[in-house]
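Chains as they are written, first to last, in this note's numbering: chain A, 1 to 317; chain B, 1 to 529.
Calculated from the structure, these hints are not laboratory results.
Among these hints, one or two may not hold up.
Stated by the list, open to error - As a list, the in silico BS3-like pairs of lysine-lysine whose alpha-carbon atoms are at most 27 Å apart:
1) B:189 to B:232
2) B:507 to B:400
3) B:507 to A:179
4) A:93 to B:453
5) A:71 to A:93
6) B:356 to B:453
To be verified - Per the computed footprint, the stretches of chain B lying under chain A, defined by three or more beta-carbons under 8 Å from a beta-carbon of chain A, are:
7) 86-100
8) 245-257
Each residue gets a CB set at the ideal place from its N, CA and C atoms; glycine is no exception.
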Amino acid sequence: MGRLIATRLAAFILTLFAASVVLFMTISVLPGSAAKSALGMEATPQAIARFEAQRGLDRPLVVQYGGWLTKTLSGDFGTSFQNSVPVGPELLKRIPVTLELATLAFLIANLVAVPLGILAAARHTKRSDKATTFVATVFGAVPNFWLATLLIMVFSLHLRWLPPGGFTPFSQDPIQNLKQMIMPALSLGLVSSALLIRIMRASMIEVLSSDYIRTAHAKGATETIVIRRHALRNSLIPYMNVAAVEFGFLFGSAVVIEDIFRLPGVGSLVLVGIINRDFPVLLASALTITVFVLVVNLIVDLGVGLLDPRRIKGSRA
Amino acid sequence: MAISTRQKLNMRESTLGRRAFLVSGTAMAMLPVMGLGVRAQDMTPVDGGILRLAFSADPAGMDPALGPSGMSHVVIEQIYSTLMSLDPDAQPYPDLAESFEVSTDGMQYTFMLRKGVKFHNGDDLTAEDVKFTFDRLRAPDSGYAYDSQVATIKDITAVDPHTVRFDLTAPTGPFLTYMAFPGSSIVPKKLLEGGHDLNAQPIGSGPFKFISYQPRSMITFEKNAEFYEAGKPHFDGLEMHLIADVTALTNAVLSGTVNFSNEIPPKDWQTVIATPGISGQTLEGSRFYWLLPNHDRAPMDDQKVRQAIAHAIDRTAIVAGTFFGQATPILGGVIPQWNWAYANLDYFAPRGDVEKAKALLVEAGFPDGFETSLTMASSFPAMVSMAPIIQANLAAIGIKATIDTMEIPRYWDEIWAPSKFDMTAMYWVSPLADPDDFVYNNYHSGTALNVQKSSDLAMDEILVKAKSGTSQEARKQDYLKQQEMSLEQMPIVPLVNAWLLIAHTDKLKNYKPMRSGFLKTIKDAWLEA
């Protein structure tokens with residue numbers, strides 16, 4: 001067991017290091033100058049040179065990377081090129097927002113996917129199965145930003161039930177927080193449910209065709225009891241593997257949705273970093289998302305490893 | 001022009017919302033005089049409430065010396081105060097100064113300061129703070145983006161705690177206007193000498209105190225109860241919602257999430273002002289759109305070719321197609337009708353003059369036209385929208401222009417800064433509303449904005465002379481000559497002046513939009529109960 005954890009942790013650190021190199025190099029070679037983006041149309045050559053010298057942008061790329069990595073490892077994410085705001089504290093304020101959004105979207109995705117997946121599997125090849133598959137196809141085909149715009153038009157501008165954006169912390173006003181979160185979470189969650197519906201359906205179909213399910217039927221158990229007591233638990237194991245990875249992706253999918261709904265999360269910071277070529281902001285926020293996805297994957301890996309009967313057996317031997 | 005620095009400041013005349021009541025500048029100018037539509041109870045101030053304003057950009061710093069963007073200035077003018085301020089028609093008036101004197105040769109300005117003015121931290125504001133402020137801006141390594149405004153200051157003397165004297169190296173026509181610029185905001189000497197960072201915690205003597213800033217989200221302010229204009233401001237505070245996506249910004253206005261915006265996109269204007277509870281005002285300011293032909297590339301180096309292009313443009317099509325009617329075609333000089341230096345030059349036909357343009361091309365030796373390209377910054381929707389109109393106009397006289405678009409960071413880097421284009425378009429928003437600011441940076445050779453690489457000694461001389469004129473009449477005559485020269489040489493092709501589109505709640509009273517595009521007059525407004 002200890003070896004498993006050590007192996008996975010080593011892989012985590014190596015992957016994170018590789019990701020940081022790729023992130024830094026990719027961002028550094030993006031066309032467009034950080035200095036000219038910050039200084040705008042009136043940027044003189046002298047002002048550009050001063051800007052780049054002050055921020056070390058005139059140094060070789062490897063030196064820049066070394067400096068950035070050293071500072072980042074010590075917890076210093078630098079300051080924004082655009083507004084001089086320290087990036088680290090800003091990120092800390094934003095992580096809970098994106099985490100809440102991703103969690104709510106994840107809940108919605110599962111609340112939609114599990115029942116629909118079970119329904120489709122239980123009614124395999126029947127109309128409700130086809131209808132569910134159709135719904136999953138639609139959710140999968142709809143871009144989340146389009147769904148977001150549609151939701152705003154209906155629930156904010158037409159019905160006026162929900163605010164079109166903004167953020168109030170849950171601790172300050174839970175109702176207002178949920179009102180502001182429900183549409184962005186739906187935009188992400190419904191689209192994300194498309195994959196999960198298919199996984200749930202496929203997993204359940206496989207379990208329902210098992211011998212022990214046939215035995216349960218032969219013993220006279222009703223369909224509901226068979227699914228609830230016998231099939232559901234087993235079919236959820238592969239489903240949860242995929243769902244956990246999907247949670248990581250939801251955290252990273254918030255970029256455009258946060259901007260549309262004006263949520264001050266990590267995703268909107270990525271966007272502003274790209275648009276303005278604000279390298280410290282872009283690097284720190286993209287790295288945060290990378291870390292989150294890797295951590296979720298690490299937990300899933302370890303969880304699966306721990307639940308694997310062969311491994312459990314092996315470790316007991 | 002654009003962009004980050006002077007972005008949100010423009011206006012044309014104006015009007016009232018829902019009834020889509022567009023009126024001419026003259027008629028609008030008369031409205032306040034006539035008192036039309038103003039009920040007595042509307043003019044009784046109501047204290048309290050929070051005004052929620054929407055903006056598309058974040059401030060690039062909140063230290064007056066280091067905040068180069070238009071949004072920085074919108075924030076700075078609420079927190080700090082200036083010796084002079086601009087009224088809604090862009091005329092300077094004494095603000096922190098109670099009065100001022102100008103020597104007859106225009107080389108010395110003496111300001112008598114209000115007494116009892118305090119910074120938000122409780123310190124007194126004195127002449128020493130004024131001297132410190134401008135010495136800080138003038139320092140060689142200050143990094144102040146508007147250093148040309150303080151370039152003619154030779155010396156500043158704090159005569160006594162409430163009198164400060166500026167000695168200049170040369171007469172400077174817009175000097176009083178410069179003193180009203182947000183960059184000229186007075187900062188607390190004692191605090192800054194102690195190492196205080198105004199970017200992190202701005203402290204001034206303006207109507208609102210800074211509370212917090214969350215990038216890409218919101219800036220909050222509270223009322224400065226000690227503000228030197230008794231009884232003002234009326235709001236308990238301000239919330240500036242930062243909404244980069246213009247559709248989200250419009251949605252925020254429509255849904256009432258915010259109750260003020262001066263950045264309504266033209267495409268949404270009719271929808272916004274037709275919404276119950278929302279009023280609209282339009283005002284012409286100085287948001288000039290220009291087509292820039294590159295003088296370093298043939299055949300754009302030929303004056304007649306540039307004239308032909310200028311005459312080929314159908315400006316009414318741009319007004320209708322790009323700005324949905326919310327702009328004024330520039331048919332002569334750039335200086336707008338509302339400004340004292342307006343020259344009333346009737347030069348271009350509103351719909352363009354194809355025959356004249358073709359004749360000019362023949363004179364230039366291009367009877368069959370030529371091939372060229374038009375490179376636009378895709379981040380500016382107006383540029384992308386007007387590109388096909390310009391392309392069609394040019395095609396009508398035989399010029400085949402291909403359109404290229406590029407996102408803004410690449411555009412600054414690869415197109416704008418190195419002047420690598422045949423033709424491009426840009427806009428300029430003047431926050432000063434002084435004729436010098438309308439034309440100098442764009443027409444004078446060697447400036448950062450002169451990416452078209454035009455260069456003419458006579459043009460440079462007239463611009464300098466007009467700037468240093470000591471009387472408004474003398475300056476007006478110089479700007480008349482400058483505009484005539486600009487139409488003859490056609491270093492850049494003026495297109496339209498886009499209006500400022502302001503939408504706010506019906507409950508907002510006594511708000512007077514400013515032609516400079518600034519929001520200084522927010523302190524005078526209130527929300528009806």
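Verification of the supplied hints:
1. B:189 to B:232: Satisfied, since the Cα-Cα distance of roughly 25 Å is no more than 27 Å.
2. B:507 to B:400: Roughly 52 Å separates the two Cα atoms, so the pair is violated.
3. B:507 to A:179: Satisfied, since the Cα-Cα distance of roughly 25 Å is no more than 27 Å.
4. A:93 to B:453: It is violated: about 46 Å lies between the C-alpha atoms, which goes past 27 Å.
5. A:71 to A:93: Roughly 20 Å between the alpha carbons, so the hint for residue 71 (chain A) and residue 93 (chain A) holds.
6. B:356 to B:453: holds, 26 Å
7. 86-100: violated (count 0)
8. 245-257: Held - the stretch 245-257 of chain B has 8 residues with a Cβ nearer than 8 Å to chain A, which meets the minimum of three.
Checked against the numbered hints above, the structure breaks hints 2, 4 and 7 and satisfies the rest.
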